[in-house]
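There are 4 protein chains.
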Amino acid sequence: MNTKHRARLLVSCVDQPGIVSAISTFLFENGANIVESNQYTTNPTEGRFFLRLVIEGEALEQKEEELKTAFQPVADQFQMTWKWSFLHNKKRTAIFASKDVTCLRELLYQWEGGNLDTDIPLVISNHEAGREIVESFGIPYYYIPANKDIRKEVEAKQLELLQEYEIDLIVLARYMQILTPEFVAEYPAEIINIHHSFLPAFIGANPHKKAHERGVKLIGATSHYVTDDLDEGPIIEQDVGRVDHRDQVEDLKKQGSLIERTVLYRGVKWHLEDRVIVHDNKTIVFN
Amino acid sequence: MNTKHRARLLVSCVDQPGIVSAISTFLFENGANIVESNQYTTNPTEGRFFLRLVIEGEALEQKEEELKTAFQPVADQFQMTWKWSFLHNKKRTAIFASKDVTCLRELLYQWEGGNLDTDIPLVISNHEAGREIVESFGIPYYYIPANKDIRKEVEAKQLELLQEYEIDLIVLARYMQILTPEFVAEYPAEIINIHHSFLPAFIGANPHKKAHERGVKLIGATSHYVTDDLDEGPIIEQDVGRVDHRDQVEDLKKQGSLIERTVLYRGVKWHLEDRVIVHDNKTIVFN
Amino acid sequence: MNTKHRARLLVSCVDQPGIVSAISTFLFENGANIVESNQYTTNPTEGRFFLRLVIEGEALEQKEEELKTAFQPVADQFQMTWKWSFLHNKKRTAIFASKDVTCLRELLYQWEGGNLDTDIPLVISNHEAGREIVESFGIPYYYIPANKDIRKEVEAKQLELLQEYEIDLIVLARYMQILTPEFVAEYPAEIINIHHSFLPAFIGANPHKKAHERGVKLIGATSHYVTDDLDEGPIIEQDVGRVDHRDQVEDLKKQGSLIERTVLYRGVKWHLEDRVIVHDNKTIVFN
Amino acid sequence: MNTKHRARLLVSCVDQPGIVSAISTFLFENGANIVESNQYTTNPTEGRFFLRLVIEGEALEQKEEELKTAFQPVADQFQMTWKWSFLHNKKRTAIFASKDVTCLRELLYQWEGGNLDTDIPLVISNHEAGREIVESFGIPYYYIPANKDIRKEVEAKQLELLQEYEIDLIVLARYMQILTPEFVAEYPAEIINIHHSFLPAFIGANPHKKAHERGVKLIGATSHYVTDDLDEGPIIEQDVGRVDHRDQVEDLKKQGSLIERTVLYRGVKWHLEDRVIVHDNKTIVFN
Chain Y
0 MNTKHRARLL VSCVDQPGIV SAISTFLFEN GANIVESNQY TTNPTEGRFF
50 LRLVIEGEAL EQKEEELKTA FQPVADQFQM TWKWSFLHNK KRTAIFASKD
100 VTCLRELLYQ WEGGNLDTDI PLVISNHEAG REIVESFGIP YYYIPANKDI
150 RKEVEAKQLE LLQEYEIDLI VLARYMQILT PEFVAEYPAE IINIHHSFLP
200 AFIGANPHKK AHERGVKLIG ATSHYVTDDL DEGPIIEQDV GRVDHRDQVE
250 DLKKQGSLIE RTVLYRGVKW HLEDRVIVHD NKTIVFN
Chain Z
0 MNTKHRARLL VSCVDQPGIV SAISTFLFEN GANIVESNQY TTNPTEGRFF
50 LRLVIEGEAL EQKEEELKTA FQPVADQFQM TWKWSFLHNK KRTAIFASKD
100 VTCLRELLYQ WEGGNLDTDI PLVISNHEAG REIVESFGIP YYYIPANKDI
150 RKEVEAKQLE LLQEYEIDLI VLARYMQILT PEFVAEYPAE IINIHHSFLP
200 AFIGANPHKK AHERGVKLIG ATSHYVTDDL DEGPIIEQDV GRVDHRDQVE
250 DLKKQGSLIE RTVLYRGVKW HLEDRVIVHD NKTIVFN
Chain X
0 MNTKHRARLL VSCVDQPGIV SAISTFLFEN GANIVESNQY TTNPTEGRFF
50 LRLVIEGEAL EQKEEELKTA FQPVADQFQM TWKWSFLHNK KRTAIFASKD
100 VTCLRELLYQ WEGGNLDTDI PLVISNHEAG REIVESFGIP YYYIPANKDI
150 RKEVEAKQLE LLQEYEIDLI VLARYMQILT PEFVAEYPAE IINIHHSFLP
200 AFIGANPHKK AHERGVKLIG ATSHYVTDDL DEGPIIEQDV GRVDHRDQVE
250 DLKKQGSLIE RTVLYRGVKW HLEDRVIVHD NKTIVFN
Chain H
0 MNTKHRARLL VSCVDQPGIV SAISTFLFEN GANIVESNQY TTNPTEGRFF
50 LRLVIEGEAL EQKEEELKTA FQPVADQFQM TWKWSFLHNK KRTAIFASKD
100 VTCLRELLYQ WEGGNLDTDI PLVISNHEAG REIVESFGIP YYYIPANKDI
150 RKEVEAKQLE LLQEYEIDLI VLARYMQILT PEFVAEYPAE IINIHHSFLP
200 AFIGANPHKK AHERGVKLIG ATSHYVTDDL DEGPIIEQDV GRVDHRDQVE
250 DLKKQGSLIE RTVLYRGVKW HLEDRVIVHD NKTIVFN
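Protein chains in written order, with numbering that gives the first Met the number 0: chain Y, 0 to 286; chain Z, 0 to 286; chain X, 0 to 286; chain H, 0 to 286.
The set of hints was computed from the structure by calculation and includes no laboratory data.
Computed from a predicted model, the values in this text were never measured in an experiment.
Any given hint could be a false lead.
Listed next, the in silico SDA-like pairs over lysine to any residue satisfying Cα-Cα at most 25 Å (straight line) [unchecked claim]: (1) Y/Lys268 to X/Asp246; (2) H/Lys67 to H/Asn29; (3) X/Lys208 to Y/Gly203.
Listed next, with one range per pair, are the computed distances between beta-carbon atoms [what the hints assert, rightly or not]: (4) Z/Glu152 to X/Asn88: 35 to 43 Å; (5) Z/Val13 to Y/Glu65: 51 to 59 Å; (6) H/Gln176 to Z/Glu212: 36 to 44 Å.
From the three backbone atoms N, C-alpha and C, an ideal C-beta is built for every residue, glycine too.
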């Protein structure tokens, strides 16, 4: 299917009669066919309504501005918060990595295989570990040493690159550095992290060591948006794998990394497909 | 939430512009709010379109006939196949059981717990095994001995009961008897069976024995609609569980029965919630 | 297989050369064949060694005292901690229940199906909810109202019953009352609880409410031995199920209860089969 | 842990009293400590007995010949089939690949991460697709075009390479070519294949197409030893993933490849650790 004639529309507003009728009639009258639709309401009478549509139309990509302008009155009528994504404009993703390149590698291979609908203009890392693999994809690799004492300078350099490359999404692929509130504020709900535990269990550092000490029988991973509260951001996806008494901390790390790469990949994929909406520090995921 | 003011609408037709607009505008004008919506198209330009809506409205249950009549012209315009379910009218389910009552028990307990939105006016069995449990729920239990030599007579008695009790759905909870094409024809896509394997592996009798002989590492279960071709009907749900070389046929049966009860429960639940549409011997399941 | 001629031997001691040789030679010389064997060592040179054997022999059940006496010198040589279980003597299990009978019911049905190798001489509950189902199995049902103000008196009555019925294992099947340290001390590693979360996430009361607030994408359950620290005892088994943004607290409870019944059943089954050894507030589970 | 002082012993024989005693006493007297032990018997009185031991001893690697010679009388006494693996001698694995490199890549990365205890002296492929990744690991890449018309010549070249490089295990990482019985006979239970379905469902070509046509709700993968009967060899490992009505054949392929890489990795890992024993066209997997 040719996706260049497609767009996605995300809408949220107070739930009330007539929303779907108004939007679908608008789209019909503007020559756009609805090919996917998901909706959710926190409560049909007084709650908040969320809608995700994928639409398709002849030469839709040429009508982007026209459609957006024409939609404004519909949006105003229901006091909508709304966002259009036209698929001929790919989102631009920066990956932040560090020493462990398992997640970085997975994202690059899934992207190469056509499973992540994005451009990846650069990778930033505080280690050289990922350079060879990243450059083999023709992607620039920026090595910026980082530690907590030079956080501000490091972030200044990073922000400059992110702006230069017009980045829409930052993926922390086991980046392991804490970001300042100022940095996070620049990309609200646009930074995805992978935490190597089943949150909220084992918040913070060394989750596999803590998991081993507690003697859990499953270990997990969580992909979530980054907020100012460490490991407290809205959860996008989680998964687990089975371990037993024979597994030492090192074994948990190895097995955990295979869960992490999948959980991060899914979170990033769904974000890029505009399936994830943040509401009340939680996510609505339209799958 | 009070579900008596709710209805579900299932629609399918050739995909074409304006369907959602027409339906949602119709509903809006008739005072019905859309609270759930799922759609699927086999192809946006020439394929078949499927829609499931849950709607809510003040005193909706009193407007059943009015709404159905008013909807007819919309349906005609797009040559729709359509079905209304008003939630104040519960579907009526008959359970067919035999000796192994694990699935029967699960359905009754899930029903008691409010997880199956149906009435269960009777249970029919060719064994006495389930009588005590069924009657403890105040449900009539009909013991009708059955075997392949008396199939026609047995089915005649069963059909009489099903008609007397105005049954909408028949669940074969490990009933183990083959139904004649004549019987199946009376309830198209309204008979759900549980097969004790991951279909299409191990079609037919003794799947656990075959699974043991083949040395599989997972065993499964499949809930599906009954058609004339044994074990070939549209699959609604499947799941699996892990086994190993130590498990004998008896162990597979025991472990399998825990998978079966869950897979059958899900299939029945989704059918009762009008989430399952049969198309081309496959199911669309709107979850 | 006739299990009455079988016994299980659990051994732990400092790891050192010759243990398996000594034990297996002892068994061979005493006419007992090893039919299952599992071992684990925290470290082969200086760690702790754990062994579980299932043995079989002609008229083994008649040689119980003789074998135990003869084994003493072997045990002494390696300063073993050891425990024999002769299968002709079933363990005796008391189930403590409350209002939600899902776990209670599962244990009774698994027991009826031959999957829990135990006698169940009584059920104690602070609600009448389970009486009918329990008595239908011919098991005495003791209704003992309980709350935190009368904890001591309640436990005194319970302990009296447990001693009268010679109970080896107590299963808290969603009992929901906290036990005093004095009670717990009477049954060390012999009280199994089911916690309705994936521990250590959501310790304490209302885990489903907390899970809903945090917006997790999986919910879990944990069976563990009860110690003085609430929800901190050694974990036997855990499992999870998938949820999404549409699930309210009530939905999590319903879906959670299906995970809980399975996780509790497995924990109890493994304990009864002497597969679980507590070490260092964790469990070794020989599956 | 230093594994060079370790060895594994696999034994099978008719079950009879005294086997474990004889072996463990032999090991104790020869200064070898048992650090892992697994056993299985098809029947304790007349069946076949299987044992896997991991042993450790000072300078064990220098006593290889001595130990093997000394063990012979013990083996003879019980008419054992037996195999020693001394861990200082790594098994040598050849990977056969083709166009889809997902499985090839996974094996190389797991190997790089220390999770596959083997040498990989070469990769053979009938496509150039994997050359860059393979050579980046310093592993020779042999491109040998293959199709069914030149099977004999191709296999002659392959066998020459396998013998030159002294290969112990061949992994077909989506190699997609059928091997002749003559080739298979050279490596009995030493060729592991990944089949892209949950066997025995969808035997043969195009399993994802068949799965799509049947409308299954889970797709799977199977790693198995290659025998003369296509897709009928002993199953080592299987796993599945969830799909739905929206997934087309291409989607099943993409999702399937993530299951395949894991299922093949596990099968290869377990084989390399001598955890897999073939018996009666099934596997005993000691995990």
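Evaluated hints:
1. Y/Lys268 to X/Asp246: 23 Å, holds
2. H/Lys67 to H/Asn29: 11 Å, holds
3. X/Lys208 to Y/Gly203: 23 Å, holds
4. Z/Glu152 to X/Asn88: 35 to 43 Å: About 52 Å separates the Cβ atoms of Z/Glu152 and X/Asn88, which means 35 to 43 Å is violated.
5. Z/Val13 to Y/Glu65: 51 to 59 Å: 29 Å, violated
6. H/Gln176 to Z/Glu212: 36 to 44 Å: Violated - the Cβ-Cβ distance for H/Gln176 and Z/Glu212, about 28 Å, lies outside 36 to 44 Å.
Consistency note: the structure conflicts with the earlier hints numbered 4, 5, 6.
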